[in-house]
Structures are given as structure tokens and as C-alpha cells.
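Going line by line, the protein sequences match chains A and B.
In this text, residue positions in the first sequence follow my numbering: the first is -5, and each later residue adds one.
In this text, residue positions in the second sequence follow my numbering: the first is 2, and each later residue adds one.
Simulated from the structure, these hints should not be mistaken for lab results.
Cβ atoms here follow ideal geometry from the backbone N, Cα and C, with glycine treated the same way.
Be careful, since some hints might not be right.
[Unchecked claim] Some chain B residues near chain A, calculated using beta-carbon distances under 10 Å: (1) 37; (2) 136; (3) 185.
[What the hints assert, rightly or not] Quick list of the computed label-pair ranges, beta carbon to beta carbon: (4) A:9 with B:228: 52 to 60 Å; (5) A:67 with B:3: 25 to 33 Å; (6) B:3 with A:9: 20 to 28 Å; (7) B:248 with A:-3: 46 to 54 Å; (8) B:252 with A:86: 42 to 50 Å; (9) B:83 with A:139: 41 to 49 Å; (10) B:80 with A:120: 44 to 52 Å; (11) B:76 with A:111: 34 to 42 Å; (12) A:146 with B:248: 33 to 41 Å; (13) A:73 with B:252: 29 to 37 Å; (14) A:119 with B:35: 31 to 39 Å; (15) A:81 with B:185: 31 to 39 Å.
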Amino acid sequence: MTTATLDDVRRVVADVPDPELPFVTLGDLGVVRDVQWHGDTVLVTLTPTYSGCPATEVIARHVVEAVTGLGLAAEVRTVLAPAWTTDWITERGLKALRDNGIAPPHQGSVSVTLGRHVPSCPRCGSSGTEEVSRFGASACTALWRCRSCGEPFDHVRPL
Amino acid sequence: MITRTDLSLATYCLRLGDDALVMSHRFGEWVTYAPQIEEDVALANIGLDLLGQARALLTRSGELAAGDGPAATEDDLAYWRDERAFTNVHLVEQPRGDFADVTVRLLWFAAYQHALYAALTDHPDPTLGGVAAKAVKEVAYHLDHATQWVLRLGDGTAESHRRAQDAVAAVAPYVDELFTDDELVTDLADAGLAVLPSSLRAGVQSVVTAVLLQATLTPVTPTWHARGGRAGVHSESMGPMLAVMQHLARSHPGASW
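Okay, chain B solo, but in the shape it has when bound (with noise of 0.2 Å):
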């Protein structure tokens, strides 16, 4: 028997699991792009790490999804969901940019996800809640990665301080998304179950806002807000994201190192 909470926490998980692995993906575009080597083994690390939080997050979700009846693996969720079944919000998604738009987004999403994390350590599920507890140690040197970089930049010559300060704008419409509640998350919120995206939104502009301004850059205020990641409703870059990340499992099925 599936009850209704089993399945709103699996599509929890699904979004959590999604944003991870999404951010995952565009992190492992970076090997061989970076400005230096090390720049290259960091991206792609924060990147494996994001991979671990996904893979145990898509196995829960499926577990949660399933009941006692057969569950889908992490790989059946990665490789063989179509775009409108993936739930991550846009700003996971979008193309690579340069090396200050990643390094701006990084900053965002980082401190996002340290917040969310921190919060949901005590999660009665075990599996949320363990991967809350040690991904936010990570999550950590992420956020500080991503601020030494931001203040490099900004802070830095005339080029990289314009450039930082276009990838400030470039990223601003992707950000309201991270902290939009709908029904589902109050509903799992209201029972103990979620952490209601709108209160982590002060506390994480607070810390972003801060580095920017140490870095002498200038928050950005959007134009217009991205809407519609966790509905499947994505970006025109997705598609073409999940033909790469998905074309060997679908092209190779039961393909195995």
C-alpha cells in the first residue's frame, strides 16, 4: 500500500535527485574547458559529488514511489525519463556558459543547497536525512570554492570583473525558482516532511549578496523569473543536455563497464 505521502516524498526526492544530477551533467562539461587543470579536476569533483547525492536520492525516490512492488533503479530514472518527467529547476540546466557564468551559478546553487541541506539533517526518512547530513559537508567547500572564485573575479582585472558581473545578471532570472513553494512541498512541509523552499530564500540572498558585494559586484535584480522546472516544463537547453547525458543507455541498453 502506497500512501499519498510516500508518493509526494518520492517526487521530493525526484526534484532534490534531478537538480543534483542536472548540475551534475553541465559540471562534467567542464573537464578539458576549464582555464587550468586544477580548475578542471574541482568542477569535475563538485560535480561527482552532486552525482553521489543524486544516485542515492533517485534510488529513494523510486523505492518510495514503489511500495512493495518493483522499484525504479537510479539508472531507470536518469536515462530513461523524457524531458517533461525531469524535475529540476532551470538554472541546473543551462548551457555552460564561461567560466564566470558557471563560477556565479555555482555560488547560487551552493548556498542554496548548504541551507537546504542543513535543514533537512533531521529528517525522519533516513536515507533524506543521511544524505542531507553528509552532503553538506561538501556542499561547503563547494559554497567556499565558488567564492574564492567570485571575489578572484570581481575583484579581479577589468575583463574578468565585467564578465563576473554579466554572469551576475545572467543567472538573476534563474534564482526566484529555487525558493518557489506550490502545494506539494507545503503539504509535505506542514507534515515535517520538506523544507518550504520560500524560507530559505532571505538567508541565502543574505550569504550571496555578501560575497557579491565583496567582490564588487552589483546583485542584479530579474526582469523576469523561470518558471515551470519542477511541472517538466524546461529550457531550450535541455533537450539536447539529455541526448548526451541519456545516448548511451538508450543506444546500448544493459551497456556495463
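So here's chain A without its partners, still in its complex pose (with noise of 0.2 Å):
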């Protein structure tokens, strides 16, 4: 018999890391929709990043993992609308990003007509940096270098 509340599931589910980028989790990228009884079991509402995101379902693995963890069962049902927006990662995930080398999406700037925002370098600081590749190694990322200290970096395109 387990004495776990939704809350203790909703922490779990939070503490989550992604799968490609570990330094950040669920809780700091958003996209957990919401966490409730159904029956017996916990039902975890997630929304994906990217539509052709792979890691999406590694995410929703490592959720059932997380609160069988807690000694319930879990389902992960996916719900697309409203879509993710790059504008839902925290504070503390933009600068975990950051942190790790990677030039967080610039917020607030969610627009169907692509604006020219430059990032600046995450390793020097310097914001004069250059695209190298619209699509990087991951569906989310561009590729960028900096001109200043010379280095590439991902950069997490706005969505």
C-alpha cells in the first residue's frame, strides 16, 4: 500500500530529465499538462515539444518508470492543443541551458513570420555570433558559432 499523494507524483513527473538534454526536466521545459487520478491509476498529462520530437517517447517511458517509482500505476496520454511554445521553459531551465552551453530560445517572440534574433554566445558572452546551420543536431536546435572566442553552440530555435 502506497501512502503517495499527487503531489509527490507531481514532483516525480517534474524531476523527470530530458532525454537529449539531461540538465534540464520535465518541470523546467513545461510540458507537463497535468497530473490526476483515473481509477487507480495516475494518468500524466504531456504535451510534446516538437511534433517529430523522438525523444517523446522515451519522455512518456521514463514518466511510467518515475511514478511506478511511487508504488502506482501510471498512463501518459499526449494532448497537442494548445501547442508548446518555447515561451513555457522556466527561468531555471533557460539557464540550465545556459549553463550547459547551449543559447536558450529568446522569449516572448513566438511569431509564424520568422524574425533575425541573434543569440549570444553561452561559453563567452559575446553577441557577435553567426548561424551556421538552421537545423542542428536535435529537432529543436540550430547551429551557430561565435565570432569573438571562435566556438559553435546549439541554439534552441524559438517555437
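Now that you have both chains on their own, put them together as the hints suggest.
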């Protein structure tokens, strides 16, 4: 018999690390929509970050494992609307990205007509950066380079 | 009880999903063939976005067509339908071609998808509306990527200009089918459940024409139009493509990673 509460569940689900960027958690990303009882099962509602993100299924599995660790049965449901945006990444998440050499997306700029925003270098802070490729090593990043320190870096594309 | 509207909406989701799925497969074919490694990555990522759209749309199509019965899954629909059951337009099934071909094809397709998804964002079906709201922002990146490359190729060297202009002519016969209405979509649009393809034509054409002109390329009026994709009648290249796409699932049923 477990004594875990929904608050305990919310805590362990929020602490599940992202499989591709393990220094940010699901809570940091803002992808946990809801945690509810559904009979004897905990129903966790997640929203995917990018439609084709291969991490989505791994995340669902890790969430079930985390809740199972509390002695509860869990089910994951995916909801698309309202669509996730990079604006939902928390301050802690943005800082964790920057601290790990990834330029976070700029906030409040989600639009379908793409503005030309220049991220500053996550290593030296210089704003003298240039885009190498619009598409990077994962579905959510672009590849940039710093002209001041010469280092390449990933930039999470605003969405 | 499955209503006629549910079945029509299932077919509508299938059409949009098949377009995305087949285009996604063609983009996957580019990996290791693009002119530079960044483009291998870019084309694969664009294909991945399209695959994400396709998965949600095919899943929804299966649910709508099943009513309370067991639904066909995304895998059932992707791997176990034969050519005549695929409802994608001919544009997306065309063979890889050269880099100018894929770039110009993407310019048209991304401009079309961008207008389509923007108009579907408020769709009453939560899955269709949800896919559209998410995809419209991803497709904006595809459109921007295609635009940057068309500008570079068209306004680049004599050779890149020639090949980009050839690509503009090659894709021209496949454009009209994107904007062709039929009874199913007209009925759905009357009920506020679909976007009439013809209503997107002028806007998309002006987006693409502006890019072509800026790239010093000349828009081409085709002398014939591809037809029949929505009804399952495809071009010669569709069968071999499906054979590759479906081979693993059919030869090793139930295979998993």
C-alpha cells in the first residue's frame, strides 16, 4: 500500500530529465500539463515539444517508471492543444541551457513570420555570433558559431 | 455509430497525413546525398517534423474511421496500405532529383502547408487543430530554409541558376493538384471542417512567385497538370518508394527496436 499523493507524483514527474538535454527537467521544459487520478491509475498528461521529436516516447516511458517508483500505476496521455512553445521553458530551464553551453531561445517572440534574432554566445557572452545551419543536431536546435571566441554552439530555436 | 462527417474527416486527415508521410520519406532519402553535411541534417530534420505531423494525422484518421470499433493504427496505415489507398498528391512522391529540385519542391510545399495549417489552427477537431497550431510554426522554418536556398541557387552561379530554373519548370505541373477541390473537401469546408484547397492558391502563389523573382528565376506555366493522387492514382515513382518504405514492416511483421 503506497501513501504517495498527487503532489508526490507531480514532484517526481517534474524531476524527470529530458533524454537529450539531461540538465533540464520536464518541469523546466513546461511539458507536464496535468496529473490526475483515473481510478487506481495516475493519468499524466504531457504535451510534445516538437511534432517529430523522437524523445517524446522515451519521456513517456521515463514518466511511467518514475511514478511506478512511488508504488503507483501510471498512464501517459499526449495532448497537442494548446501547442507547446519555447516560452513555457522556465527561468531555471533557460539558465540550465545557458550553463551547459546551449543558447536558450529568446522569449515572447513566437511568431510564424521568423524574425532574425541573434543569440549571444553561451560561453563568452559575445553578441558577435552567426548562424551556421538553421537545423542542428536535434529537432529543437540550430547550429551557431561565436566570432569572438570561435566556439560553435547549439541554439534552441524559438517555437 | 460512425457518421458520414466522421468518415469524411477521416479521409481529410488521411490526405494531409499522406502528404506529410510521403514527403517525409523523400526527405529521409537525402541523408548522405546533400551537398554538405549541414544540409543532410537540415533535410532530415524537416523530414522528421513532417513525420511527426503524419503520425498524429494518421492516428486521428484511424480513430475517426473506426468509431467505437478497433482503430487502424498509424503503423497499419503507413505500412499496410497498398499504393491505390494512398491519398497524397503527386508533388510529394516525385523522385529525389537534384538539390535544386528538392529545394524548389520544398518552397511550394512549405508555402502550401504554412497557409493550410494557419487556416486549420482553430479547427473544432482537437487533434487536427492541435497538429495545425504546432506545425504552422515548424513549417515556417521549412519555408524560410527553402527560401534562403532558392535565393542562393537562383541568384548564384550560372550553373546553379540553370539548375534552379530547370527545377522550377520540373515542379510546375505538380502544383495545381495542391489547390484542387473535390466533393469531399467542398462538403467539409461548407461545414467549417476543412480548408478549401482552391482558397489557398492565390496566397501561396504570391509567396512563391515573390521568392522566385527575387532569386532572378522565371515562374513557369505548365502545359499539363498532375491529377488523381487524392483518389489513389499515382505516378510511376510511387510504387518503388512504397516498396522501400514498407519493406521492413511487411517482411518482419511486429519488428520493433
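Going down the list of hints, with the structure as the test:
1. A least Cβ separation of about 9 Å between residue 37 (chain B) and chain A falls short of the 10 Å threshold, and the interface hint therefore holds.
2. Satisfaction of the interface hint for residue 136 (chain B) is found here, the shortest Cβ-Cβ separation to chain A being roughly 6 Å, below the 10 Å cut-off.
3. A least Cβ separation of about 24 Å between residue 185 (chain B) and chain A goes past the 10 Å threshold, and the interface hint is therefore violated.
4. The hinted window of 52 to 60 Å between residue 9 (chain A) and residue 228 (chain B) holds, with their beta carbons roughly 55 Å apart.
5. Range check, residue 67 (chain A) to residue 3 (chain B): about 32 Å between beta-carbon atoms, so the 25 to 33 Å window is met.
6. At about 43 Å, the beta-carbon gap between residue 3 (chain B) and residue 9 (chain A) misses the expected band of 20 to 28 Å.
7. In this structure the hint that residue 248 (chain B) and residue -3 (chain A) lie 46 to 54 Å apart at CB holds, the actual value being about 51 Å.
8. Taking 42 to 50 Å as the suggested C-beta distance range, the pair residue 252 (chain B) and residue 86 (chain A) conforms, at roughly 48 Å.
9. Taken as a hint, the range 41 to 49 Å holds for the pair residue 83 (chain B) and residue 139 (chain A), whose Cβ atoms sit roughly 48 Å apart.
10. Against the hinted window of 44 to 52 Å, the Cβ-Cβ separation of residue 80 (chain B) and residue 120 (chain A) comes to about 49 Å, which satisfies the hint.
11. The hint said 34 to 42 Å for the Cβ distance between residue 76 (chain B) and residue 111 (chain A), and at roughly 39 Å that hint holds.
12. The hinted window of 33 to 41 Å between residue 146 (chain A) and residue 248 (chain B) holds, with their beta carbons roughly 38 Å apart.
13. For the hinted restraint 29 to 37 Å between residue 73 (chain A) and residue 252 (chain B), the CB-CB distance of approximately 35 Å keeps it satisfied.
14. In this structure, residue 119 (chain A) and residue 35 (chain B) meet the distance hint of 31 to 39 Å, their C-beta atoms being roughly 33 Å apart.
15. Checked against the hint of 31 to 39 Å, the pair residue 81 (chain A) and residue 185 (chain B) passes, with Cβ atoms roughly 37 Å apart.
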